[in-house]
Amino acid sequence: MARNGAHSPGIPYDALPLTQDQHRESVFREPPSPHASGFSTPPVEMSSFSESVPPGAAAPRFLGRALYDENGASYRDSFASQNTFQSSPSAANSSVYALNPETNQSGAGYGTYRDDPHTDDPSGDDGADAQSPRYLAEKRSVYTTPRHKSKRGLIVLGALGGLILVIVAVVVPVYFTVIRPKSLNHQGSIANPGSSSSGGKPGTAAAITGGDGSKVTTDDGSSFTYSNSFGGTWYWDPNDPFNNNAQAQSWTPPLNQTFKFGTDRIFGVNLGGWLTTEPFIAPALFEKYLNSTPIAVDEWTLSECMAADSAGGGLGQLEEHYKTFITEQDFAEIAGAGLNFVRIPLPYWAIETRADEPFLPKVAWTYFLKAIQWARKYGIRINLDFHALPGSQNGWNHSGKLGSVNVLNGPMGFANAQRSLDYIRIIAEFISQPEYRDVVVMFGITNEPQGNLVGQDALSRYYMQAYVNVREASGVGEGNGPYISYHDGFLGLNQWAGFLPNADRIALDDHPYVCFGGQSSAPMSSYAQTPCTAWGSEFNTSMGAFGMTAAGEFSNAVTDCGLWVNGVNLGTRYEGTYTPGTWPSMGSCDPWTNWQSWNTSMKQDVQNFAMASMDALQNWFFWTWKIGNSSTTGVVESPQWSYQLGLQNGWMPKDPRTASGICQNQNLWSPPLQAWQTGGANAGQIAAAVSSSYAWPPAQISNGGVLADLPSYTPTGTVATLPPPTFSVGSSTANAGDGWANPSDAAGGMVGIATCSYLNPWVGTVPPPSPLCSSPAAARGLPAPLITPPPRRI
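Position 783 (the sequence shown) corresponds to 784 in our numbering; numbering is contiguous.
I should point out that these hints are in silico values taken from the structure, not numbers from a laboratory. Any given hint might turn out to be false.
[What the hints assert, rightly or not] Cβ pair distances, simulated, as ranges: (1) THR580 <-> GLY740: 24 to 34 Å; (2) GLY740 <-> GLN675: 27 to 37 Å; (3) VAL767 <-> SER293: 19 to 29 Å; (4) ALA498 <-> ASN761: 37 to 47 Å; (5) GLY545 <-> THR601: 34 to 44 Å; (6) THR634 <-> THR659: 28 to 38 Å; (7) THR601 <-> SER632: 37 to 47 Å; (8) SER522 <-> GLY635: 23 to 33 Å.
Model, not experiment: these values are computed from the prediction. Every residue, glycine too, gets a C-beta built ideally from N, C-alpha and C.
Put together the whole structure using the sequences plus the hints.
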């Protein structure tokens, strides 16, 4: 037994490292437990064992050649063709390997994973190998029957046999009635193919891992069959809640290994409308309050309507939405769809609310913690997207409140930015803890800020300070905290070329959509190559000029048709009813939304567009996984936005890898990224001149003026740290962290000054208070720039 993990005392670990691949440092700061199959990396596509091993059971530990050589005769087929394995996992150290001929001990023959099953075996003729002395002779010599047995020897053997029988008669009952039950009770769950993942019949040990066809039982007692034909394995042991052995698919590294950004591809999907609601994604929530005062058009007004509707469930209706809209089974289906990432929009009210902000505070965080647990169980990585900021960063309904922009814009633009940066710091401190950093591996620090309105200079300085806040929490270098993802602010990817050279692991985020511009009545078939020509070259260029670049959102929509895609009761451009503006009608939206009547050709046309998008964007997150049914019609009214609906009805690819090569003559960017872009050499060594050029705060705020005339906060408040989950491990509780990765980060939270005046954070563009502060003693200059040197490498 390896020593117990510091975060989960009393948990036994079975130390059988059977692979030469090195794991990431585990949350226990020691090599993690191997996969239940005996391999630290679950074997690729272990379907050859499906007939002999019950669903959910682990594969045999020592498979050696048999694992990679189906039926002992030929190599397995594989979709991958680019170095799926650089060396043969485990073969060199397996017990079977010792029986192989000496000529094959290098692993060149039996150990190497082969993409082409039809090429010759480099090891030569198997029949010849079987005659090798090491293959059978040594084994035979061990079991050779002695030529002579003496009578005395037989008497001794008989006496020993009798003694053994007496011992067995005494010890076995004691073992099964006393010792073994205590041992099982101490160890907790043990892999058992006949039971569930989180329970089972009384006295039955629970399975902690499984593959395609295995049974999963969730926390609420419901169960489903895990369907994943891509070699994915789930892993959840309630007695080892931070185990990262799960793997989404055979081609995606398990969570206990490094995801190589720029080399491994992101096949992702958003969980939009879940923890940050949107009318077109969850229409039933809003349809209930169409005749209320106010009408529910965003989460602000929805919260007001719900709070006034105590008979209908009050604000508790939002938690019911959190419970039911996305569940554990969605994560299992996402892995089974060949997707390896989820992007989860999170609002600031998951941390706290202030004054009269009507949002349901802190509850969304509870469900984000569930998302981490479910993602860990199915080997999925998370991009946490800070989607709704105080005051709103873009004025759209998904920022919390439809209306004005109040982050880096208007009289409260600076104060709201200070508060937002504080929330970025709080989130970064939590997800940089070793218990979470291998699951939440990206952090989109602000969704869709209005760059043209706030100006690129102010936005760049805000981004730089956010970088400092995150890296102060995480430290610098690969494995220390998340990639930091910056939205391009609708300024275009090319405007960010060369931004922050040597910054540690930053990524650029763009949201390419076809549907929100000029409308066309052209058929879906005409869009087959549109993503390739519109987006491919731009993303290729950015991968070289900036570094890691991904599409944080895209959809299959080529028109703005769909219930409330533009907002509640705002109409559509396509039908000429959208307000504001004047739009010519292109016809009826019915052919675009009545998906039940789509024929095979239409479905194929939509799929062609989806696959062209995937190929052109290279690393992507589809918006969104799920669109809820309308309570009025009982069906999805925006079908081209739902990945799940497309899978169920045949217009999304069952395997996203099949999109590769759809774009013709695209000249895809060639990996890898530069070392500093992936947390390697020189990462975080930003030149002083660069840091100075992006020093926070900016000299002035758009539509607000110079900072001396604007309200600002001071860092003297209590920091609202995020609570961790609770996991019971036997009679103790696993250490889930305290929410704060860097104990040296002891600055206070941004709060108002008692003698100074503040406007409502959502006020819009109005004159600032004058004077700002009522007492000369309280009057103060702006705080010194918070920019700090890049944190030391740890």
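Going down the list of hints, with the structure as the test:
For THR580 paired with GLY740, a C-beta distance near 44 Å fails the hint of 24 to 34 Å. One distance hint, 27 to 37 Å for the beta-carbon pair GLY740 and GLN675, holds here, with the actual separation near 33 Å. For VAL767 paired with SER293, a C-beta distance near 27 Å keeps the hint of 19 to 29 Å intact. Roughly 38 Å separates the CB atoms of ALA498 and ASN761, a value that falls within the hinted 37 to 47 Å.
Evaluation of the 34 to 44 Å hint for GLY545 and THR601 yields a pass: the beta carbon distance comes to about 40 Å. For the hinted restraint 28 to 38 Å between THR634 and THR659, the CB-CB distance of approximately 33 Å keeps it satisfied. Range check, THR601 to SER632: about 30 Å between beta-carbon atoms, so the 37 to 47 Å window is missed. Against the hinted window of 23 to 33 Å, the Cβ-Cβ separation of SER522 and GLY635 comes to about 28 Å, which satisfies the hint.
Checked against the numbered hints given earlier, the structure breaks hints 1, 7 and satisfies all the rest.
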